[in-house]
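To convert, note that position 149 of the sequence shown is 149 in full-length UniProt numbering; the numbers rise steadily by one, no gaps.
Careful: at least some of the hints might be erroneous.
What follows is a list of derived Cβ distance ranges for each label pair [what the hints assert, rightly or not]:
(1) Glu173 - His124: 11 to 21 Å
(2) Lys26 - Arg120: 48 to 58 Å
(3) Asp186 - Lys66: 14 to 24 Å
Hints in this document: simulated from the structure, not taken from any laboratory. All C-beta atoms in this analysis are idealised placements derived from N, C-alpha and C, irrespective of residue type, glycine included.
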Amino acid sequence: MTTDDVESKVEDGNSNQQSDVTVHQKTFTLEILHIIKEAQQQHGLRHGDYQRYRSYCSRKLRRIRKSLHFIQASKHRFQSKKLTEETLTDVRFLYIPLMMAERAWGYAMQLKQEANTEPRKKFHLIARLRKASKIANDLELLCESIKCDARTKLESQAYAAWIKGSLYFELQEWQNAMEFFRISHDTIAMLKFTRGAVWRTVVRF
């Protein structure tokens, strides 16, 4: 049994419990903070293994795209598919930009570790964070849809601000970094206190 098979069985069981995704009257809820905390802790970040986490994000993306028939590559050529509000017919579509952003962020953190001994990787690190920030912004815009509830909107805003703050931090633009970290913190403060506690265990800077 492959890693994908094992993870698919686990995810099938979790989906039955609907622990992190809820659909009610065609309004989608995506618990972004809970999802990334669990994924990071269970797939490498507990031990600082960003490469393992990045691989997990890639596998997760592949399974989701396949299950939604949202594959970007055909036998003959790459076909870019853009997520829009019209595309958003299943809450799983929201996982696509989230996992893409996490994969890019995870790669950046892996490069940050390696940059301690290979300074030239700093440029590549910044490029990955720029990509993560763009995708997180795309997720935030997608969550502005009337198909997403208020909580999902707030969590996507907090997540996008945190990623952008991380980018500015690595660029050593301290004022901008602190501003976006503040926006992220203040947005989380609008959610329940317990959710803020969860977020604080995820964001480390």
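>> Just to be sure I understand the hint, the distance between the Cβ atoms of Lys26 and Arg120 should be within 48 to 58 Å; is that true here?
In response: holds (49 Å)
>> Does the beta carbon distance between Glu173 and His124 stay inside 11 to 21 Å, or does it fall outside?
In response: holds (19 Å)
>> Holds or violated: the 14 to 24 Å window for the beta-carbon distance between Asp186 and Lys66?
In response: violated (38 Å)
Consistency note: the structure conflicts with earlier hint 3 alone.
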